[in-house]
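Given these sequences and hints, build the entire structure.
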Amino acid sequence: MTEKTSLSFQSPTMEEHERNLMTGTLEQRKEAFKEDEELMRETTKFVTEVIETAAIEASKRKEQEEGGDFGEGSSLKGGNTIAGWNNRARGFCNRILNALCPCFSNNGKS
Numbered sequence: 025m026t027e028k029t030s031l032s033f034q035s036p037t038m039e040e041h042e043r044n045l046m047t048g049t050l051e052q053r054k055e056a057f058k059e060d061e062e063l064m065r066e067t068t069k070f071v072t073e074v075i076e077t078a079a080i081e082a083s084k085r086k087e088q089e090e091g092g093d094f095g096e097g098s099s100l101k102g103g104n105t106i107a108g109w110n111n112r113a114r115g116f117c118n119r120i121l122n123a124l125c126p127c128f129s130n131n132g133k134s
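Everything in the sequence shown is counted per my numbering, starting at 25 for the first residue and increasing by one.
Think of the hints as simulated: they come from the structure by calculation, not from any bench.
A few of these clues could be false.
[Stated by the list, open to error] No more than 20 Å apart at the CA atoms, straight line, and that leaves these computed lysine to any residue pairs for SDA-like:
1. Lys84 - Thr68
2. Lys58 - Thr68
3. Lys58 - Ala79
4. Lys54 - Glu42
5. Lys58 - Phe70
6. Lys86 - Met64
7. Lys69 - Ala79
8. Lys58 - Arg43
9. Lys54 - Glu66
10. Lys54 - Val71
What follows is the structure, given as structure tokens:
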């Protein structure tokens, strides 16, 4: 006489929701993510901040390109440009010198 009746509609419990979010199939994870209002709110906020930051950085770079067109490799355009080329040139010259005249290389010996 004690028959169990089941409802045709069962709302997902929080544990099931979290389980789908973490370990379900891709479709289940996408649906669980979309159903979580807090996650969607935080994600929207994060994406908006990233887009705003990118827009600000792009406008700064555009202003720098328009305002200071001194040519590539100029020390006036970027502070580390010349230093970077000096380091590359020094390394290149050292490799050539070591290849042509290995007697100048101490190979880590003092």
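_For Lys58 and Thr68, compute the direct alpha-carbon distance and say whether it is at most 20 Å._
holds (11 Å)
_So if I understand the rule, the pair passes when the alpha-carbon distance is 20 Å or less; does Lys54 with Glu66 pass?_
Holds. Lys54 to Glu66 sits at ~16 Å (cutoff 20 Å).
*Would you mind confirming whether the straight-line C-alpha gap from Lys54 to Glu42 stays at or under 20 Å?*
holds (12 Å)
*Measure nothing beyond the straight line between the CA atoms of Lys84 and Thr68; if it is 20 Å or shorter, mark the hint as holding.*
violated (24 Å)
*asked:* Next pair to validate is Lys58 with Arg43; report whether the Cα-Cα distance is within 20 Å.
replied: holds (14 Å)
_Straight-line alpha-carbon gap Lys86 to Met64, limit 20 Å_ = Measuring from Cα to Cα gives roughly 33 Å; hence the hint is violated.
*Holds or violated: are the alpha carbons of Lys58 and Phe70 at most 20 Å from each other?*
holds (15 Å)
*Mind checking the alpha carbons of Lys58 and Ala79 for me, to see if they're no more than 20 Å apart?*
Not satisfied, since the Cα-Cα distance of roughly 27 Å exceeds 20 Å.
*CA of Lys54 to CA of Val71, is that 20 Å or under?*
Holds. Lys54 to Val71 sits at ~17 Å (cutoff 20 Å).
*Taking 20 Å as the top limit, are the C-alpha atoms of Lys69 and Ala79 close enough?*
holds (15 Å)
In this structure, the hints that do not hold are numbers 1, 3, 6, in rising order.
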